[in-house]
Amino acid sequence: MNASIQQQDGTVTAILEGRLDTAAAPETEKELQPLYDLNGQNIVFDCSKLEYISSSGLRIFLGVLKNAKPKGSRVSITGLTPDLKNIFAMTGFNHLFDEVE
Amino acid sequence: MKITAINRNGQATLTICGRMDTSATAQANAEIDSQLAACGKFDTLTCDAAGLEYISSSGLRILLGLAKRFSGFRVTEVCPDVYQVLEMTGFTKIMNVEKAMRRFSVDGCQVIGRGGVGVVYRIDDDTIIKVFREGTTIDEVQTEITMAKESFVLGMPTAISFDIVRVGSQYGLVYELLKADTLTACLKREPQRVDEYARLYASLFRHLHEIKVPKGGNIPSSIEREEEAVRIISRYFDAPSTDLMMRIVQSIPQGDRLLHCDLQTKNAMLQNGELMLIDMGEVGYGHPIIDLGHSYSAMVSLVGDYEQIIGLPQQLANDIWLRMIQYYFEGQSADFIKHRTEQIAVVGCLRNFTWLSLSNSFPDEVIRHCQEIFAERVTKRKDYILSVCDTFKDWTLE
Chain W
1 MNASIQQQDG TVTAILEGRL DTAAAPETEK ELQPLYDLNG QNIVFDCSKL
51 EYISSSGLRI FLGVLKNAKP KGSRVSITGL TPDLKNIFAM TGFNHLFDEV
101 E
Chain L
1001 MKITAINRNG QATLTICGRM DTSATAQANA EIDSQLAACG KFDTLTCDAA
1051 GLEYISSSGL RILLGLAKRF SGFRVTEVCP DVYQVLEMTG FTKIMNVEKA
1101 MRRFSVDGCQ VIGRGGVGVV YRIDDDTIIK VFREGTTIDE VQTEITMAKE
1151 SFVLGMPTAI SFDIVRVGSQ YGLVYELLKA DTLTACLKRE PQRVDEYARL
1201 YASLFRHLHE IKVPKGGNIP SSIEREEEAV RIISRYFDAP STDLMMRIVQ
1251 SIPQGDRLLH CDLQTKNAML QNGELMLIDM GEVGYGHPII DLGHSYSAMV
1301 SLVGDYEQII GLPQQLANDI WLRMIQYYFE GQSADFIKHR TEQIAVVGCL
1351 RNFTWLSLSN SFPDEVIRHC QEIFAERVTK RKDYILSVCD TFKDWTLE
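Line by line, the protein sequences give chains W and L. If you're matching positions, the first sequence starts at 1 in the working numbering and goes up one per residue. If you're matching positions, the second sequence starts at 1001 in the working numbering and goes up one per residue.
Please note that a few of the clues may not be correct.
Derived Cβ-Cβ restraints for the label pairs, each shown as a range [unchecked claim]:
hint: 1; chain 1: W; residue 1: 23; chain 2: L; residue 2: 1311; range: 22 to 28 angstroms
hint: 2; chain 1: L; residue 1: 1043; chain 2: W; residue 2: 41; range: 52 to 58 angstroms
hint: 3; chain 1: W; residue 1: 49; chain 2: L; residue 2: 1008; range: 36 to 42 angstroms
hint: 4; chain 1: L; residue 1: 1273; chain 2: W; residue 2: 39; range: 29 to 35 angstroms
In silico DMTMM-like links for lysine to aspartate or glutamate, alpha-carbon gap of 25 angstroms or less [claimed, not checked]:
hint: 5; chain 1: L; residue 1: 1149; chain 2: W; residue 2: 9
hint: 6; chain 1: W; residue 1: 66; chain 2: L; residue 2: 1150
hint: 7; chain 1: W; residue 1: 66; chain 2: L; residue 2: 1274
hint: 8; chain 1: L; residue 1: 1212; chain 2: L; residue 2: 1274
Calculated from the structure, these hints are not laboratory results. We treat Cβ as the ideally placed atom computed from N, Cα and C, and that holds for glycine.
All chains, full assembly: derive it from the sequences and hints.
Below you can see the structure in the form of structure tokens.
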């Protein structure tokens, strides 16, 4: 599992690669810590290289969302594979984010 | 092609099996009419299409005719091939069509747990399946999946639930596999870590009780459920006892917090140093005293075979609960915590009996035992209990 953050034109992109399973979640959460310090910039999770996500992975997304929304950020998710899209739909997570594709 | 119809209390089901092709439709039409006529009067009509293998355009016209004649007409258990035809022709938009549930076999799967509601099997490295006991209705399974989803989205740490499947004649619910042990198993293995576990247990309660449940969702009111439970068990108790229970329930303050309502150590799993919740059947919203009271009724004041139900020696289970409540109210005075514990114990005392509402097949001796304990723990201490109830309103939520 690999997570990195890029900033461009007021949008912060978090790129996730590999399996965000329970074992990888604590490390990934640490790597995404800078997202908690943003002040209203929009956040995009680029999931085009994400292969799997567990509930602990989803809760990282939820944590970022709950922190960023009150500051006025839009939080979107891009590049989901059909399997992952299914997980987002089944958990109801697709309705939480500004855009999920 | 085989067509049958039955009428169950005004809810008629038309079962169509085989291939509904052009050559068969004229006959099918006549057969459907005669079968429905034999059903007498009915309010709703459902077409069970589990055995329907193929449908031609003339078959589609028959469905359309039924949908026009009977409002609320539904087609259920549609196999993937037939569903595709209905979808391509736009039929799924003009009538209520439900896909067949995926069929699933648990042959050769490892059993990882057994409980009151069913058996849990491991499917693969990432998923498990909970197979509900025979007789569980689809609505009960739907409730569980709705609760699990809504609580998860609100931030409750719990496993992701996937789809409902058919396992033989029973329903199954597919869940994410948590790579974890129950807190009960952890405590049993390393009782010397009780204090550390108590701290985690307390922070799980605090985390839940900080979550406010928005109005208008599907999560039920725990206090209403408690009232309903008292009504259900009133058949086992005399009127003064039932009144007393109702007075306890009605003195519980309103609240909007997320509650698990059965948070014993066996329903919490330790994964990567964090506790996750399982068994979401009783999730509700309300005042935290209900949640803490329910856990007290299991871990501390249980009525029944302690070790068998809780899975821990009583002393150890009491110990973790009492340490937990210290951490839950960390920073408060000893007198304050003692006062809160007394309030929780009263709500717990109620749960020791309302628990009888969860099934209607308890043996007479269990009920008799509960009646005896009620006389001793509640009726005899009525004045004390009501005086504690009067103090509930001092527990305000921020």
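- Query: Which hint numbers doesn't this structure obey?
  - Reply: 3 and 5
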